[in-house]
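Once you've looked at the hints, dock chain V against the given chain C.
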Amino acid sequence: MLEVATMSDEEFYRYQRLIYDTVGINFTDNKKQLLVSRLRKRLDIHQIDSFEGYRKFVTNPKNEAEFVQMVNVISTNKTDFFREPQHFEFLKQNVYPHLQNKQKIRIWSAASSSGEELYTLGITLLEALGGRKNKDIKILGTDISTKVLEEAEKGVYSADAVAPVEMTLLKKYFLKGQNSWKDHYLVRDELRDLISFRRLNLMEPFPLTAKFDFIFCRNVMIYFDKPTREALVSRLAGQLAPGAYLFIGNAESLSGLKTTLKYVQPAIYQKSL
Amino acid sequence: MGYRVLVVDDEKTIRDLITFRLEYHGHEVEIAQNGEEALEKVKVSKPDLMVLDVMMPGISGYEVCRTLKDNPETQGVKVVLLTAKGGAQDELDGKEAGADGFMSKPFRANFLIEKIDELMNA
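If you're matching them up, the sequences are chains C and V in order.
To convert, note that position 206 of the first sequence is 435 in the numbering used here; the numbers rise steadily by one, no gaps.
To convert, note that position 14 of the second sequence is 66 in the numbering used here; the numbers rise steadily by one, no gaps.
I should point out that these hints are in silico values taken from the structure, not numbers from a laboratory.
None of these values were measured; they are calculated from a predicted model.
Note that the Cβ used here is the ideal one computed from N, Cα and C, for glycine as well.
Certain hints may be false.
With a straight-line cut-off of 20 Å between C-alpha atoms, the simulated SDA-like cross-links for lysine to any residue are [unchecked claim]:
1. V/K95 - V/R56
2. V/K64 - C/N408
3. C/K383 - V/D68
4. C/K383 - V/K93
5. C/K405 - V/M107
6. C/K400 - V/Y76
7. C/K383 - V/E75
8. C/K285 - C/T251
Computed spacing ranges between beta-carbons, pair by pair [as the list claims (entries may be wrong)]:
9. C/G282 - V/K98: 45 to 53 Å
10. V/L144 - C/Q276: 38 to 46 Å
11. V/I165 - C/K270: 35 to 43 Å
12. C/Q332 - V/D122: 50 to 58 Å
13. V/G128 - C/A439: 47 to 55 Å
14. V/E92 - C/A470: 50 to 58 Å
15. C/A480 - V/D169: 46 to 54 Å
16. C/K367 - V/M107: 24 to 32 Å
17. V/I165 - C/G485: 48 to 56 Å
18. C/T251 - V/E170: 44 to 52 Å
19. V/M107 - C/N292: 21 to 29 Å
So here's chain C without its partners, still in its complex pose (with noise of 0.2 Å):
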């Protein structure tokens, strides 16, 4: 059998400066144990025994696919279908009765993991509508990792991921799975017809003409420091269009940033009209 691998500091150390450069999460100390236990799946895979030698693979050009793997194991981030409801009820209450008179509506979300958020704002959505109505919607998931992003394009979930999701909701916008599908759901065509999918990384310029009516980017910044998130709210205020909203994740804040947004209440903040 091979021997498990360990890490020393001084190799955390590199691995967090690499992380930290290129995909903008910050591994601190106290996590070194975690990224480790991540970590160790690619190198099993790659039957590589230090960590050494996999940084030194994974940063070979050449190997840019494995690189793309090794952020899609480090930057797994949990989701939930109506995660925050009160997210939704001000969407609900704020937000949906606006867009209403609107022709053409676009929703970002820019950490959308494996897409429960994305089709809870579609759900919502519509539900508030009342249908397309022929409406020109578009909700753009984005994410870092391209494992999230495939489930999330696949809209397949297990009933206990589904299970916050009202049964007369359920019925509407999924199809139960049968045979060997059974105790899946899939979303139906009308709720993924208004979603795209797109690799995006954060920390780089963001390659979007749209300004959206409302970003949700939930439950990313606690992996940031304050420089980079700083950086990340000044650009997603750019991509707003003005009345706009940015919801961040309820144990996020934006105190103590310079921000132009303007505070609604928690985790909600405003672009000026």
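For chain V alone, coordinates are given in the frame of chain C:
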């Protein structure tokens, strides 16, 4: 009514989505991950129809189709080829290989379901 369908694609996501839809509509599904496996399975399970990806490593979808149609025992199996987007040439090659129907990727699952009903009722 349900048919017995063999779904052949090297991409798991596509296999899963097609399988989900076919089972939802009451069809019985078996899967193969490549052309070799498809040719093995078709002999044993004798499906009514095969949903067959064109672009696969190893034996291509065309070749699988041709092999099927050249064999009296299997030539009755209907074949829907999954071609690349805008693949007019793919369709010509597919017709030559004896395919009964085509879907160009990406396609709406409902169209595949309709296509299957159409071919089986022809």
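Exercise. Is 21 to 29 Å a correct range for the gap between the Cβ atoms of V/M107 and C/N292?
Worked result: Holds - the Cβ-Cβ distance for V/M107 and C/N292, about 25 Å, lies within 21 to 29 Å.
Problem set entry | Straight-line alpha-carbon gap C/K383 to V/D68, limit 20 Å | holds (9 Å)
For this session: Take the C-alpha atoms of C/K285 and C/T251, compute the straight-line distance between them, and say whether it is at most 20 Å.
Result: Measuring from Cα to Cα gives roughly 15 Å; hence the hint holds.
For this session: Note whether the CB distance of C/Q332 and V/D122 lies within 50 to 58 Å or breaks it.
Result: For V/D122 against C/Q332, whose Cβ atoms are near 55 Å apart, the range 50 to 58 Å holds.
Exercise. Do the Cβ positions of V/L144 and C/Q276 conform to the proposed distance bound of 38 to 46 Å?
Worked result: holds (45 Å)
For this session: With respect to the beta-carbon atoms only, verify the hint that V/I165 and C/G485 lie 48 to 56 Å apart.
Result: Roughly 55 Å apart at Cβ, these two residues keep to the hinted range, so it holds.
Exercise. Taking only the CA atoms, is the gap from V/K64 to C/N408 under or equal to 20 Å?
Worked result: holds (18 Å)
For this session: Kindly confirm whether 35 to 43 Å is satisfied by the beta carbon distance between V/I165 and C/K270.
Result: holds (38 Å)
Problem set entry | Hint consistency between C/K383 and V/K93 [alpha-carbon to alpha-carbon, up to 20 Å] | Distance of about 26 Å is beyond 20 Å: violated.
Exercise. Are C/K367 and V/M107 spaced within 24 to 32 Å by their CB atoms?
Worked result: Since C/K367 and V/M107 have Cβ atoms about 29 Å apart, the given range 24 to 32 Å holds.
For this session: State, for the Cβ atoms of C/T251 and V/E170, whether the hinted interval 44 to 52 Å holds or is violated.
Result: Holds - the Cβ-Cβ distance for C/T251 and V/E170, about 50 Å, lies within 44 to 52 Å.
Exercise. Hey, C/K405 versus V/M107, does the alpha-carbon distance stay inside 20 Å?
Worked result: Cα-Cα ~30 Å, so violated.
The structure is inconsistent with the numbered hints 4, 5, although it conforms to all the rest.
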